[in-house]
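When you get a sec, could you build the whole thing from the sequences and use the hints?
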Amino acid sequence: MLAELVEVLEKDKAPTDLSLMVLGNMVTNLINASVAPAQRHTLARSFAEALQASVREDHAH
Numbered sequence: 001m002l003a004e005l006v007e008v009l010e011k012d013k014a015p016t017d018l019s020l021m022v023l024g025n026m027v028t029n030l031i032n033a034s035v036a037p038a039q040r041h042t043l044a045r046s047f048a049e050a051l052q053a054s055v056r057e058d059h060a061h
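With the UniProt record's numbering, letter number 21 in the sequence shown gets 21, and the count goes up by one each step, no holes.
Among the hints, erroneous ones may be present.
Pairwise CB distance ranges (calculated) [to be verified]:
| # | residue 1 | residue 2 | range |
| --- | --- | --- | --- |
| 1 | LYS13 | VAL55 | 20 to 28 Å |
| 2 | ASP58 | ALA33 | 32 to 40 Å |
| 3 | LEU43 | VAL22 | 16 to 24 Å |
Hints were generated in silico from the structure; no laboratory data involved. By construction, the Cβ of each residue, glycine as well, lies at the ideal position given by its N, Cα and C atoms.
Below, the structure written as structure tokens:
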């Protein structure tokens, strides 16, 4: 499914900010639909920390 989403975003030449908003909305919907309310903030925080840890500081595109 992720490959299909990437294909659509690339085909439509979606800018990076729009692509990130789409992915963010998907993550939010998944958390809200699949995670118990009491655990949502903890999971979202863990996800955000993992995302930040995975972003590289180099200048490669």
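Verification of the hints:
Checked against the given bound of 20 to 28 Å, the beta carbons of LYS13 and VAL55, roughly 23 Å apart, stay inside it. With their beta carbons about 36 Å apart, ASP58 and ALA33 fall inside the hinted range of 32 to 40 Å. Take LEU43 and VAL22: their Cβ atoms lie about 20 Å apart, and the range 16 to 24 Å holds.
In terms of the numbered hints stated before, the structure departs from none.
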